[in-house]
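Asker: In case you want the letters, here they are:
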Amino acid sequence: MMELVCPAGTPAALRAAVEAGAHAVYCGFADETNARNFPGLNFTPEDMAEGVRFAHARGAKVLVAINTFPRAGAEPLWHRALAHAEAAGVDAVILADLGLLAHAAEHHPGLRRHLSVQAAAANPDAINLYASAFGVRRVVLPRVLTVEEIAAINREIDVETEVFVFGGLCVMAEGRCSLSSYATGKSPNMNGVCSPASHVAYAEEGNDLAARLGGFTIHRTARTAPAPYPTLCKGCFTSGPQTGHIFEDPVSLDATHLIPRLAGAGVRALKIEGRQRSRAYVAQVVRAFRAAVEAQAAGRPLPESQLARLAEGQKATTGAYAKTWR
Amino acid sequence: MTAPLPRLPHALRLAALPLPLRPLSLLLGALTRRMAQAHPEMTRRMGDHADRHFLIDPVDLPWLLLLHPQGQTMTAHRRSRPPACDARIAGPLSAFLAMMHGAEDGDALFFSRDLAVEGDTAAVLALRNAIDDAELDLAGELAALSGPLAGPLRQALLRAERASGLTLHRQDDFA
Ligand code: SF4
Chain A
0 MMELVCPAGT
10 PAALRAAVEA
20 GAHAVYCGFA
30 DETNARNFPG
40 LNFTPEDMAE
50 GVRFAHARGA
60 KVLVAINTFP
70 RAGAEPLWHR
80 ALAHAEAAGV
90 DAVILADLGL
100 LAHAAEHHPG
110 LRRHLSVQAA
120 AANPDAINLY
130 ASAFGVRRVV
140 LPRVLTVEEI
150 AAINREIDVE
160 TEVFVFGGLC
170 VMAEGRCSLS
180 SYATGKSPNM
190 NGVCSPASHV
200 AYAEEGNDLA
210 ARLGGFTIHR
220 TARTAPAPYP
230 TLCKGCFTSG
240 PQTGHIFEDP
250 VSLDATHLIP
260 RLAGAGVRAL
270 KIEGRQRSRA
280 YVAQVVRAFR
290 AAVEAQAAGR
300 PLPESQLARL
310 AEGQKATTGA
320 YAKTWR
Chain B
0 MTAPLPRLPH
10 ALRLAALPLP
20 LRPLSLLLGA
30 LTRRMAQAHP
40 EMTRRMGDHA
50 DRHFLIDPVD
60 LPWLLLLHPQ
70 GQTMTAHRRS
80 RPPACDARIA
90 GPLSAFLAMM
100 HGAEDGDALF
110 FSRDLAVEGD
120 TAAVLALRNA
130 IDDAELDLAG
140 ELAALSGPLA
150 GPLRQALLRA
160 ERASGLTLHR
170 QDDFA
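Taken in sequence, the protein lines are chains A and B. The numbering of the first sequence is numbering that gives the first Met the number 0, which starts it at 0 and goes up by one. The numbering of the second sequence is numbering that gives the first Met the number 0, which starts it at 0 and goes up by one.
Source of the hints: derived by calculation from the structure; they are not laboratory data. Note that beta-carbon positions come from the ideal geometry of N, C-alpha and C, so glycine has one too. Do not rely on the hints blindly, as some may be mistaken.
[Unchecked claim] Some, not all, of what chain B presents toward chain A, calculated at C-beta under 7 Å:
| id | residue |
| --- | --- |
| 1 | Leu-25 |
| 2 | Arg-44 |
| 3 | Asp-104 |
| 4 | Phe-109 |
| 5 | Phe-110 |
| 6 | Val-116 |
| 7 | Ala-129 |
[As the list claims (entries may be wrong)] Chain A residues, not near chain B, derived (Cβ > 10 Å throughout):
| id | residue |
| --- | --- |
| 8 | His-102 |
| 9 | Gly-109 |
| 10 | Pro-195 |
| 11 | Tyr-201 |
| 12 | Tyr-228 |
| 13 | Gln-275 |
| 14 | Ala-297 |
| 15 | Thr-316 |
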């Protein structure tokens, strides 16, 4: 069966994910070392140890994302996160930075290393380098590849691949996008937050809801339309004669019906985005995907996805897996 | 999670309008203190955001509620006299209760416009995440506050839940 890797922003979400059938849960520490450094989220070292005990007692794994890029001079914060993860008994760490990968390989050789989507390793040469130089055992592929491209990559590498199947979309080559830095001075790559809530303001203006980020209006939506979060790449912009969602519509990914093709392409694990979401979201999405991977493994038809309401824009896309770019 | 959220009948709102605010504020204050003390990690999770003032606006009730997590206080206010706040969250009472009890996802309620947020968005996120992690149970907390009346109160709350469609206890099964 394909492994289902599920998000947890809090210990309660971790328990909800495990109880809903997650094979593995990924989470992070409450600081800049992980790419979901949101207010009120994440784990202390003690929370992590407790979460690992809970998951292991029920046969689930815990993977810890330490997937931002350390600032020069501040490396001890990232090194401590690795030490805390190993002490908590986690099953793997998910890393993006070359220096941190080298440090982990040298000082924590027994700790399994996965390559974060933030490293944007999207071709066999890059992946094989990470595997041979740093002993990376699994690569989370960026959300810019088609299913055929994923199959072609898998034919030329020896490590496992993991792909996103549900949740918010980061549509650029991850770890390389500076849109959020331009508007707010903070980025997912360095601070663990894209379009951070500290810079977000909503205002009801007449019949519209205006969503602003760092003072820039990113969306203006009618009272009856779904409300989007002002993530920069999903904003409505004017470029030349055209006004619209230049980069990506405010939709989120749902690749449920591509699971058999992803399995055929040699993908080992399916990842659900949403560490910033509630335990209600985690439980519902995990339960639905567990049923889907079980159906796929048994050769049964996949259940219809009922998850649209949880999606941003309340609309879903299959993203780049089956897409032609604008 | 696909059924529309229930709204309290307008008649109930009218009937509640003349109720005095002081006893209501006392009850809300006691409840808030109890929850904060039983779940100290909730305030810790919020960090500096715990010192913000949140205006909770249950649009189908006659009052506004002002929450200050750090001070462990919640007070009721007339709509005609809204207090100063750092952030305002508005929506039907059922949305707040469903979110608090893990029956609905806060972001989904926001995307669907059942909930609206104004002011300090980061503080609202911190509050939402801290409450989600605390796995609160309003029925349990109210029962704990009511001493020997806990048993009958639980029964009454179960009946109220069935009649109103409001989520008054923690959803241990998310199905
Ligand atoms: S702006 Fe969009 S593409 Fe860029 S980092 Fe944020 S989510 Fe990803």
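Asker: Check each numbered hint from earlier against the structure, then list the numbers of those it violates in ascending order.
Answerer: 1, 10, 11, 12 and 13
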